[in-house]
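S.K.: Here is what each chain is made of, one letter per residue.
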Amino acid sequence: MVSIFCEGILDEAILRRIIVAKTSLEVGVAVSQKGKSYIEQRARSLNKSARGSPIIALADLDTPETCPSTFVTQWLGGDRRENKFLLRFAILEAEAWIIADKRNLAQFLSISDTNVPDDVEAIRDPKETVVSLARMSRNRHVRDSLVPDRRSGALVGPNYNSEMSKFVRTHWDIDAAASRSRSLARAITRIEELAAQHQG
Amino acid sequence: MIISRISIKNWRNFKTIDTPLSERQFVVGPNASGKSNFLDVFRFLRDIAKSDGGGLQKAVQTRGGVSKIRCLAARRDPDIEIDVSLSDDDENSTAVWRYSIGIRQEQRGFRQPLLSHEHVWKEGRLILNRPDRDDKKDEERLKQTHLEQVSANKEFREVARFFEAITYLHLVPQLLRYPELSQASRLENDPFGQGFLERVAKAPPKTQLARLRKIEEALKIAVPQLEQLKFERDTTTGQPHLLALYSHWRPNAGWQSEDQFSDGTLRLIGLLWSLFEGQSPLLLEEPELSLNDGVTRHLAGIIRRLQRSRRRQAIISTHSEALLNDEGIGGNEILMLFPSKEGTEAKIATEDRDLAELLGAGLPPGDIVLSKTRVKGAEQLGLFE
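In order, the protein sequences belong to chains A and B. Counting with the numbering used here, you get residues 5 to 204 for the letters of the first sequence. Counting with the numbering used here, you get residues 1152 to 1536 for the letters of the second sequence.
Among the hints, a few may not be true.
What the hints assert, rightly or not - Chain A regions said to be covered by chain B (calculated; three or more residues, Cβ under 8 Å):
| id | segment |
| --- | --- |
| 1 | 27-40 |
| 2 | 45-53 |
Said to hold, decoys possible - Restricting the straight-line Cα-Cα distance to at most 27 Å, the calculated cross-link-like pairs of lysine-lysine (DSSO-like) are:
| id | chain 1 | residue 1 | chain 2 | residue 2 |
| --- | --- | --- | --- | --- |
| 3 | B | K1273 | B | K1294 |
| 4 | B | K1353 | B | K1201 |
| 5 | B | K1353 | B | K1365 |
| 6 | B | K1498 | B | K1166 |
| 7 | A | K88 | B | K1219 |
| 8 | B | K1365 | B | K1287 |
| 9 | B | K1498 | A | K38 |
| 10 | B | K1166 | B | K1294 |
| 11 | A | K52 | B | K1305 |
FYI, nobody ran anything at the bench for these hints, they're computed from the structure. Virtual Cβ for every residue (Gly too), placed ideally from N, Cα, C.
Whole structure, please, built from the sequences with the hints as guidance.
M.R.: Following this line, the structure appears as structure tokens:
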């Protein structure tokens, strides 16, 4: 059993998919939708309790100026990271890992894949990028679900999380995505290592 | 006294469970996992023990007969069994009483429920052991428990009284607000709180006042504009009414009666009031309904405070993260229900290794426990079209 802690529903879908596809671990406790600060505030406790069963936490880096390892050190407040505790960051947001599977995303959104950016880790706002890609969609259902109404003031459309989670569960090609995103490739390696260690 | 342990067999969607209970016990689980069925076990014991119009036959009948109560997963060993231990509130003390009952169905005829056994232990000593010689001579006797008979329960009357006073509350504000809807069809034991106002009315004036003061204190936190709570009888109709004074620029315009209270206010008043009544277990069904999270967050603590002074056990079903995220809730106070093909299973949160570690590290119980009992695939509800 592995416990997972994520920023949001979509991050949880991504992490679950990686765990199912790449390891034989089973997800027990899964806490998401609490945002980044929740993980930040509890990182030390999570680290401590990971002496027993493994725990994976996934957060968005958000700012390119800070190196992920700086965050890890800061959040753990000087404690040594336990082997069974993984704190990974998506650069800059989990959506970048989704955009990295260029071909499938284009197909899912009904757009041409030439519109999908290549250097996903350089995208300043991956979430907004997904939304603006969806805006170009030829499919009305995609636009209605993912693009927010101008008056709503929301950043994403009314069905964004469940539609994108569906993409992650059913269409997302992890290996294709990992070939374009170094942060994803590294996260997968670490998760695989954790699983191997847990079984061994 | 509290029910410190319960084990049941073939009860509705539970094939077998055996679990300790604490003085404040939260019951969590996905929809249709059997939270209400679990609470119903305690109501069943009450229905048997009830001195007016109770008894085994009635208790089974109102639930639709043995075949409705029996777990679908029951096969080879089809008796329904309930076994409870009663202890003084100290969790470590040994059981003062233990009551155990087994129920089967008549093979022929009216298919009435029959006792397959009825045992009572007092401080570990078996003081009632049925079927006894008389039962074997006359099977008809097995249609009644000794628990329900005043002439037979003398040795363990304390147990009968204890069961009889078990209260279930799932206050439905609409029923209070529109009494004409429900006057004709009030259920026995008043589970939905229709007679709530009359119960308030029946309390001795001094007690009534003291309780209302305390409730008022609690309400002020939840309902910021509320200033005062009082009880009154309508002088012409005799109808009891609760009145609340809300702060208002016209000093005497703020009195409102219960039909104008919000759902949350009414539920909270009903909940707090019932905590003051009696000393047997109180069963609360989703007390968080209609309450703001900010209020729900304090509920666990309020329940604790009020039950402590009364020594009253509270068994509470809930879906609320806010309610459970109180750091004062121990893992042993949370009972998790997991549905499976072979009936629902029950587990105390601290019996789960992962949860015990996370709780031990100080993570809020609501977040992690509820995530464990969340329905698999619920995220796909978002895809519902």
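S.K.: Taking the hints in turn, state whether each one holds.
M.R.: Quick rundown of the hints versus the structure:
no. : hint              : in the structure
1   : 27-40             : holds (count 5)
2   : 45-53             : holds (count 5)
3   : K1273/B x K1294/B : holds, 24 Å
4   : K1353/B x K1201/B : holds, 21 Å
5   : K1353/B x K1365/B : holds, 18 Å
6   : K1498/B x K1166/B : holds, 14 Å
7   : K88/A x K1219/B   : violated, 48 Å
8   : K1365/B x K1287/B : violated, 55 Å
9   : K1498/B x K38/A   : holds, 26 Å
10  : K1166/B x K1294/B : holds, 24 Å
11  : K52/A x K1305/B   : violated, 55 Å
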